[in-house]
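Protein chains: 2
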Amino acid sequence: MTLTTTAATTWRSTGVADLPEETLELIDKWWRAANYLSVGQIYLLDNPLLREPLHRDHVKPRLLGHWGTTPGLTFLYAHLNRAIKEREQSTVYITGPGHGGPGLVAAAYLDGTYSEVYSDITKDAEGVRRLFKQFSFPGGIPSHVAPETPGSIHEGGELGYALSHAYGAAFDNPDLLIAAVVGDGEAETGPLATSWHSNKFVNPAKDGVVLPILHLNGYKIANPTVLARIPQDELQALMEGYGHKPHFFEVADGSTESHVDIHRRFAAVLDEVLDEIAEIKARAAAGDLSRPAWPMIVFRTPKGWTGPETIDGKKTTGSWRAHQVPLASARDTDEHLHDLQAWLQSYRPEELFDADGSVLPEIAALAPAGRLRMSDNPHANGGLLLRDLRLPDFRDFAVDVPTPGGSMSEAPRELGKFFTEIIRRNPDNFRIFGPDETASNRLQAVYEVTDKQWNAEFFGPDVDEHMARAGRVVEMLSEHQVQGWLEGYLLTGRHGMMSSYEAFIHIVNSMFNQHAKWLKVTNDIPWRRPIASLNYLLSSHVWRQDHNGFSHQDPGFIDHVVNKKAEIVRVYLPADANTLLSTYDHCLRSRQLVNVVVSGKQPAPNWLTMEQAVEHCTRGLGIWEWAGTEKDGEEPDVVLAAAGDVPTLEILAAADILRQEAPQLKVRVINVVDLMKLQDPKEHPHGLSDKEFDGLFTTDKPIIFAYHGYPWLIHRLTYRRNGHDNIHARGYKEEGTTTTPFDMVMLNDMDRYHLVIDVIDRVPGMSQRYAGLRQRMQDARILARAYTREHGDDLPEVRDWVWPDARELAANAEVTATLSTGGDNE
Amino acid sequence: MTLTTTAATTWRSTGVADLPEETLELIDKWWRAANYLSVGQIYLLDNPLLREPLHRDHVKPRLLGHWGTTPGLTFLYAHLNRAIKEREQSTVYITGPGHGGPGLVAAAYLDGTYSEVYSDITKDAEGVRRLFKQFSFPGGIPSHVAPETPGSIHEGGELGYALSHAYGAAFDNPDLLIAAVVGDGEAETGPLATSWHSNKFVNPAKDGVVLPILHLNGYKIANPTVLARIPQDELQALMEGYGHKPHFFEVADGSTESHVDIHRRFAAVLDEVLDEIAEIKARAAAGDLSRPAWPMIVFRTPKGWTGPETIDGKKTTGSWRAHQVPLASARDTDEHLHDLQAWLQSYRPEELFDADGSVLPEIAALAPAGRLRMSDNPHANGGLLLRDLRLPDFRDFAVDVPTPGGSMSEAPRELGKFFTEIIRRNPDNFRIFGPDETASNRLQAVYEVTDKQWNAEFFGPDVDEHMARAGRVVEMLSEHQVQGWLEGYLLTGRHGMMSSYEAFIHIVNSMFNQHAKWLKVTNDIPWRRPIASLNYLLSSHVWRQDHNGFSHQDPGFIDHVVNKKAEIVRVYLPADANTLLSTYDHCLRSRQLVNVVVSGKQPAPNWLTMEQAVEHCTRGLGIWEWAGTEKDGEEPDVVLAAAGDVPTLEILAAADILRQEAPQLKVRVINVVDLMKLQDPKEHPHGLSDKEFDGLFTTDKPIIFAYHGYPWLIHRLTYRRNGHDNIHARGYKEEGTTTTPFDMVMLNDMDRYHLVIDVIDRVPGMSQRYAGLRQRMQDARILARAYTREHGDDLPEVRDWVWPDARELAANAEVTATLSTGGDNE
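As given, the protein sequences belong to chains A and D, one line each in that order. When you line the first sequence up against my numbering, it's residues 1 to 826, in that order. When you line the second sequence up against my numbering, it's residues 1 to 826, in that order.
Treat each hint with caution, since some may be false.
Repeated chains share a single entry, so a pair holds when one copy, or any two copies, can fit it.
Calculated lysine-lysine pairs in the DSS-like style (CA-CA distance at most 30 angstroms, straight line) [to be verified]:
id	residue 1	residue 2
1	K315	K417
2	K564	K733
3	K200	K315
4	K314	K200
5	K200	K245
6	K417	K314
7	K701	K733
8	K733	K565
9	K315	K520
10	K565	K666
11	K631	K666
12	K682	K520
13	K200	K417
14	K631	K691
15	K691	K565
No wet-lab data here; the hints were simulated from the structure.
I would like the entire structure built from these sequences, with the hints used as guidance.
Given below as structure tokens:
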């Protein structure tokens, strides 16, 4: 099997073909066949080729789906087929109006791909019947473009990401054309409105070409669309303002122009556009990498084109009434049934299908062959093309940890060094995406080997650091854009990651939902091959407000993620640099997951050597024996558990106090890096067995659990555990304001002093004996609070605290680089 | 106290003033003072007026904040002050680059408002010292524009909503100017990119005017901005494409033009723009309501303008290096300390403040007086202007429920009728916002009395139903836009609601976060008056996929909301039409909340008469005695609880089966409409006392709980309840695909048959005795599944099931209008 679709001569220029009438007729037949098959999917349960008069029982009892956008999608597909075949141009088709699912299924069926991947849907009348029945039917396929649709990398449904997915697919695919149909409804969404600017981030030589086609059919569910209701000169200005050269094509509502004439006009527009692209590509190949005005097409056609003009006396085609199922009563009224039959017959199926119900070969032959079929383009089944990353040994990037807490790092900075070597070894297969935060999140080491890809104006080196027309980092201030690019890059078989401030990642909650759903569904589709995981690094997390106001305060993305199917999601909370490195190496090797990794970026103590970190990450959680005071073979009196870097710091500081103040107390310290380990193994594949869990957390001892996010998640994850009722979780409770690091943990009662109080209050017998210590802890909090309010910084004894073993090293300036340094959050 | 700021002659045209040198000097002094006060806030702990040489101890230990955008914001504020005063034009200032917080605090201080609302921050040297110290300091104010900032309705932080907030404020405020500064970083976000199109939704006579000012200072945290790096003709085309008439103003980086000349040039631009607006307003007043090309300003100035040119040998002003705190080592190095002193002195504070440290009166007098001060505009403290809605009696809209299940309704359709009368009574104080789904979500009755407001092209009545240049419904296909408009409308003291498909509401998760934070913070700011609640109607919920693919499947918005402070959020799950009406009446009367109301839109049985519904809503949850089989004074054997319409239907159908098949079993049926009732009263003000909870749910009987969303939320909410371990929650588990309604509940094991099995498995002693029933239930599920796969519809006995008391009425066509009708989801 050869997967390449790259012809010897890519980006051919053919000139505007003077297409013979015959070819135009064939295009029209292909289009009619696709439309017939689309309408059939929406309405028909039986009698697929209308070989007997249409009867009510032939109509589905529940009519579901969207007709309105479909004929436009099939029209474009037909014309692209013709051009692809002539130019041997590898092309992916992105269906922005994804609810036009029937059209894309029809196209894949006409291509032959559908029957290849679903052998049950044969190329005959029975296959057509099955094709129709399964659509939006129990046990069948969704009504939208979906993972089940061959050729798709773009889930229909939530709108807005057609162009960002398209550009994600284009990066590092220099020979690939992505025809991206943008619905005019979708064009109103925010993410789509900004994604036009993606053209400032592609390299005309090293990346593929996105051809945006604005499908201006004028209506949404119940309203006209904005872009269809502004004067053409405004629309032209808008597209030019976005950096495009628009080509306008229009079929007026009610036009009586012949279809052959219409096809001739559009074929000319398409050839012209593809030739312009070929010219740009040729210029780029000759060294001109400046940003061209890439062509795009404004495709203005009637909504529901070729459907019933009026229904029940109301204008339907060319109106929002054509959006979904125009003849809603086809099973219930003779009139609608009759109209449906007339509509279906208007495509003249008898000219399209042979006696067996196969599409006539000359019509099918309009499509290109093999991998050049858009429904079979391997880029749209990215796992086919996926190559493993060539990963260096992450251990080579270990930070030195002479003793726990004996050195400090900004953990993501060390991760950036690892990425640097990954970039060196994978110059066209790995990208870092970010909303202007790659350096802020401390990954800037990568700029030693690469640049930020940028293709707008350059102002010179004193302001444009690390910017070039090609580079592995792509940044724009839009989490939507960045996530969409990354998704498109991964779905077409490459590797990548994105970093974001933790609070702002909620911006893409719904995009995460859609991608997670995609992954989940593809797991059950045998012909879809696994793709690389979507890796997040959430830094500038909620425990450090620094430059920020009240807005950067929500650790709930983890909660959002955990609502998804366990087989798809992973959440990691590495407590230091070596643990982060080991974690990320694991993430980059994984497939079909969303990995959420949360790590602070401020200087913080390192706790584990690389060897220890690897062992810790392999287990996912474990006892940090060096930190506890339990004795061999005896159960501890209390378990101090932490998940997250700041919680770990406070838990250890509390353990330090307890070891000094309550030396007889047997304290166990547990650190959790893989949050899913806490869950019941029935709920998550990573879950510890109950036996293991009990062995670690005991079944009857108090567990003081300091957690990075909202504390109730710990309860939810451990809900079925034996020791669950003993867990006392501390975490984020939405109390923060701009403040110092220690003030922040105090506001949430997760500070070392309060954790000691928690221990005293929870361990039987302690409250009496340690009443004095309890009081001192309370006093210490008051003092610490008062100090911040006077000095604007944390008490030195808090700020500069180090783990006992490291105190000797504390004179060392590196260690006392303190936690007080301001960050550079937005 | 008079709150009106409307002058007798609004929208004055003054012509371009030939400003005397003296005025230009005053503008400059005001600007210098604001910049001085901004820099002081970022850096100084003491020595506020530099009356002694600057010493390291005068510098804050943690330097936090953002300088880069600040001088542009203060420049614009100064000029607006001059123009407002001349024109007596009520103006709200929206700070898109909200991280320029120091600039807006400085402006409010110069206005005098700051000292009025914070009496501690006096107008003297000590006041200035306190103003400086509190900024981004423990116990102080956030670094961003925030609720604490007088004059603001726009939280800085998460970017993208400046224009949608501005337009929300403009609706129904015909005399209000909203000067909306859009950062060029923010301009890259999706929500901002589409929000320019808001100008197609305002009425030039009945609404206020938004003046967008694109603050093109060229850089983000570490990158140039896209819009600053495209040719000016492209930028011009983009703004024209968005429907604006751009006015360009530029101060080049490194320009040596005198400040007075710069001020003269900008004053002329501003006068020209304001005169253009006055002209448009005059034309509108004369009856021309067509969409004009509203002016906007492209304000291109150097980032960090007036700050240090270079620091440590690197270009700073006019680069991304000026974004945050340019002299980061001012406390640590003599060089930075010296540079800081020079920078502060460059504003010549000795010319700005008198001996006491008060700003010189002639400088302060640049600002307008009283409510014309932008920091004191009452629209920016909307609660001041809030009028109660004139609400009709919702009981008048009751649906007739002769017996439980004895009639059917599409619940939101009834709500729409209630809204109709609300609109009649509140023609300028209530709006409905939606992403093209108002009719789809069944609120279309409102079109009897109003239209969709639209000011793009009209194509005629056969396609443009219910569209007009003025109307109470505002729809655009962008949840961001709709939410932003609603927020702006509410924050300026009006009432409204938005409807959305449940799954798509995640698009605005982060916007909800920011608004919830705003409400929470304003609760603690005495001078901020309460505003109307933000009311959601989530329909097209996850239990009905219908026209949709895999994408419409996430009930997790409730989980997201519940993470917020209890005092701010409410979640309601009314089970039928009367309950929805009663719920929504309550929501519309509430203040300072986010009310999430979830209701299906498909025909569904009504259970409660209005009288019962009111009582039920008042309690928030309760026993439905008519549905249960418990006997007076005896505890039930099992509790069947439901929250949500589909869960209620299935629970009742299960209760029906049990009453027939296990007549001795004492079943209690509980319905929950106010989800927060389940919580511990310590966690939520609505929470039931333990005694009440135990009385309802028992402490030892099995509770089979059918819930609309992810089932673990029920566990989380009831975590501390005595009967918690007895709860067996069923709910959404992410298993759906396009299917029939009953198939959907079966896929999630929440169907009537499975609920009966749950009862058999959980009630002691039942599993043996009812083994036969259990088997029949399993068989029934298999049969039901198979039926859907053959017929594409649910088994008639399932689909047409009605509650026993209503069976007699079941012959009535209205009742059997079935659940099988397809919806019209996008």
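Comparing the hints with the structure gives:
no.: 1; hint: K315 - K417; in the structure: between (63 angstroms within a copy, 27 angstroms between copies)
no.: 2; hint: K564 - K733; in the structure: both (23 angstroms within a copy, 8 angstroms between copies)
no.: 3; hint: K200 - K315; in the structure: between (42 angstroms within a copy, 25 angstroms between copies)
no.: 4; hint: K314 - K200; in the structure: between (45 angstroms within a copy, 27 angstroms between copies)
no.: 5; hint: K200 - K245; in the structure: both (14 angstroms within a copy, 24 angstroms between copies)
no.: 6; hint: K417 - K314; in the structure: between (65 angstroms within a copy, 25 angstroms between copies)
no.: 7; hint: K701 - K733; in the structure: within (25 angstroms within a copy, 33 angstroms between copies)
no.: 8; hint: K733 - K565; in the structure: both (26 angstroms within a copy, 8 angstroms between copies)
no.: 9; hint: K315 - K520; in the structure: neither (41 angstroms within a copy, 49 angstroms between copies)
no.: 10; hint: K565 - K666; in the structure: neither (38 angstroms within a copy, 36 angstroms between copies)
no.: 11; hint: K631 - K666; in the structure: within (7 angstroms within a copy, 54 angstroms between copies)
no.: 12; hint: K682 - K520; in the structure: within (17 angstroms within a copy, 39 angstroms between copies)
no.: 13; hint: K200 - K417; in the structure: within (27 angstroms within a copy, 49 angstroms between copies)
no.: 14; hint: K631 - K691; in the structure: within (21 angstroms within a copy, 44 angstroms between copies)
no.: 15; hint: K691 - K565; in the structure: within (24 angstroms within a copy, 36 angstroms between copies)
When each numbered hint is compared with the structure, violations occur for hints 9, 10.
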